[in-house]
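Participant: Chains as they are written, first to last, in my numbering: chain E, 1 to 443; chain C, 1001 to 1180.
Since the hints were made in silico from the structure, they are not lab data. Just so you know, these numbers come straight off a predicted model, no measurement behind them. Heads up, the beta-carbon is just placed ideally off N, CA and C, and yes, glycines get one too. Just to be clear, a hint being listed does not mean it is correct.
[What the hints assert, rightly or not] Label pairs and their computed distance ranges (CB to CB): (1) E/429 <-> C/1129: 21 to 29 Å; (2) C/1124 <-> E/234: 48 to 56 Å; (3) E/275 <-> C/1031: 14 to 22 Å; (4) E/317 <-> C/1035: 23 to 31 Å; (5) E/362 <-> C/1125: 20 to 28 Å; (6) E/367 <-> C/1006: 35 to 43 Å; (7) E/358 <-> C/1124: 57 to 65 Å; (8) C/1165 <-> E/210: 55 to 63 Å.
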Amino acid sequence: MTPVEILLITMFVGLLIGIMTGHPIAFVLGGIASIAGLIGWGDAIFGIFVVRIYDTMNNYSLMAIPLFVLMANFLTASNVAEGLFEAVRYLLGPLKGGLAVAVIAVSTVFAATTGIVGASVITMGLLGLPTLLKNGYNKQLAVGCVCAGGSLGILIPPSIMLVVMGSYAQLSVGKLFLAALVPGLLLSVCYTIYVVIICNVRPDYGPPLSAEEAAAMPVPARIKNALINLLPPLLLIVAVLGSIFGGWATPTEAAGMGAFMALILTFLYRQFSWKMVRESVYDTAKTTAMCFVILFGANAFTSVFLGMNGGQLVERVVESMGVGPWGAYIIMSIIVFVLGMFIDWIGIVMLVFPIFLPIMQGFGFDTLWLVTSMAVLLQTCFMTPPFGYALFYIKSIAPKEITMQDVYKGIIPFIVIVLIVVGITAAFPDFVLWLPNNASPAI
Amino acid sequence: MKVLMKITSIIDKINERVGKICAYSVILVMLVMVYEVLSRKIFNSPTIWAFETSIMIYAFLMIMISGYGLLTGSLVSVDIFVEKLSERNRHILSICMYLLLFIPFTTSMLLPALQFALNSWEIRELSWSQWAPPVYPIKTALPIGLFLLWIQGISQLLKSVMYLLSHRGEKPLEIKEERR
């Protein structure tokens, strides 16, 4: 082994150890990059780090991130999800497992208006979970469907994850949004099918709405309410996604417009206050800092790693395994899945994409399909124990009788469903590629 | 001890203020976007300034709030492995990690970032576009933002040091563990 190879391997080992110490991942990446860069390259490397930060500051597509976060925060504050859930709950409640289906359905609509996970998991956790538990739903099923539904926020476009991925894989963000649309909806449909099946096999898992509660609202009123409450989010979806998919506006512009419309919604729902704006803005700053500081560190890490031909090293290792293209795809998926147990999507994207995308392109995989497939797989990083964001969010707001055990057990079926859907996208690439291939050339 | 407390509270206050004020620039970015889309689609007269203005405000936003992000604990870290450690050991580990990783990374970038900004001032660098706004103000934000992040890291480090100083010799049991 050459000294450079030893240094490269040390970087990865150091990365794993550093992450485990609980130091912010951004600085673990950056610190290791600084030390390794200084040894392998000299102090010119620090100038490169600075230029990479400046590149991030000038990246037009990444500008969509703070805007989508702001939009999600305004939307959460407007209570649009509350109204929708109240309406859909009466509409679907009389079915077996209907309330859980309502949670997934509202999560899906919410996901199509927001691009982050935190907002949707917390909203659905605060709205859906108490309702499910009150109606005698199985604890684990209730937690699982709230976590899984809430995590859809980052897969179904708009999504800040797809913005980062598009920017780092040099894909059109609009096309990536289109590509993720069908797998995202498919995932939501599969969750629904699972919930309906399990509640019919085990009726005690998801009892229908009690007769007296159902009597509180007659059927025509239910349909009317659902439609009225569906209208504002639908308008938002049409405006944001419609303008991106129609080639009208860039995703960044659509994010700005979406945030503005969400602000107007807070007026319409009578939730507007300066306090609300202040809190949304501060919260946006925190989430934005979370995303971008890690980009500083990860960019530094990958510049050093790739600059010392670390990419070729990984390529040689993968080739020497002699597993062929699909073997390489499975290896990449396993790495993403395992990393997802410990770190969040942004770290995984920043680490795995620069190293693996060139290798996979060498094997002849379509980048758009591959990235979308990884985006679906990254749903698991919110859901896999021990460190899944959705699990921690839900634990922090769930009532005391729900233990971490319940959360872990409840999420497993949904993780299996994600893996099945990943398999479907691999077996039938048209699920991913048909829409972008037939889209307007403007996006 | 008092000096340390003073230093950390000043740093925290600076980043809290700067972060909260700069956070509002996301509203500006939003308004510029809305203006650009409306003027292009409805009034059919795209602006020459909106694109770059929005990028500059966004660049300013993202670099200036990084210290605030660290202050508010918004940066991602994996704490499940250290949760089992005693509070004291966690602070010791945190100090080591700040010295080993945070300080080399951020400190090493301060001078190059300053040089990067100064070079731009020297040649009064303009953007390449038709509108050609000056680039040096936003390049100046880069060393300032990094400096804010750097002092915030120092403050976090000092907070751990202060914890150790104020809990000196309280739990001999854990010190034994630490030696082992």
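Participant: Please go over all the hints and tell whether each is borne out by the structure.
Facilitator: We went through each hint and held it up to the structure:
no.	hint	verdict
1	E/429 <-> C/1129: 21 to 29 Å	violated (39 Å)
2	C/1124 <-> E/234: 48 to 56 Å	holds (50 Å)
3	E/275 <-> C/1031: 14 to 22 Å	holds (20 Å)
4	E/317 <-> C/1035: 23 to 31 Å	violated (51 Å)
5	E/362 <-> C/1125: 20 to 28 Å	violated (39 Å)
6	E/367 <-> C/1006: 35 to 43 Å	violated (53 Å)
7	E/358 <-> C/1124: 57 to 65 Å	violated (39 Å)
8	C/1165 <-> E/210: 55 to 63 Å	holds (60 Å)
Going down the numbered hints, you'll see the structure goes against 1, 4, 5, 6 and 7, while the others check out.
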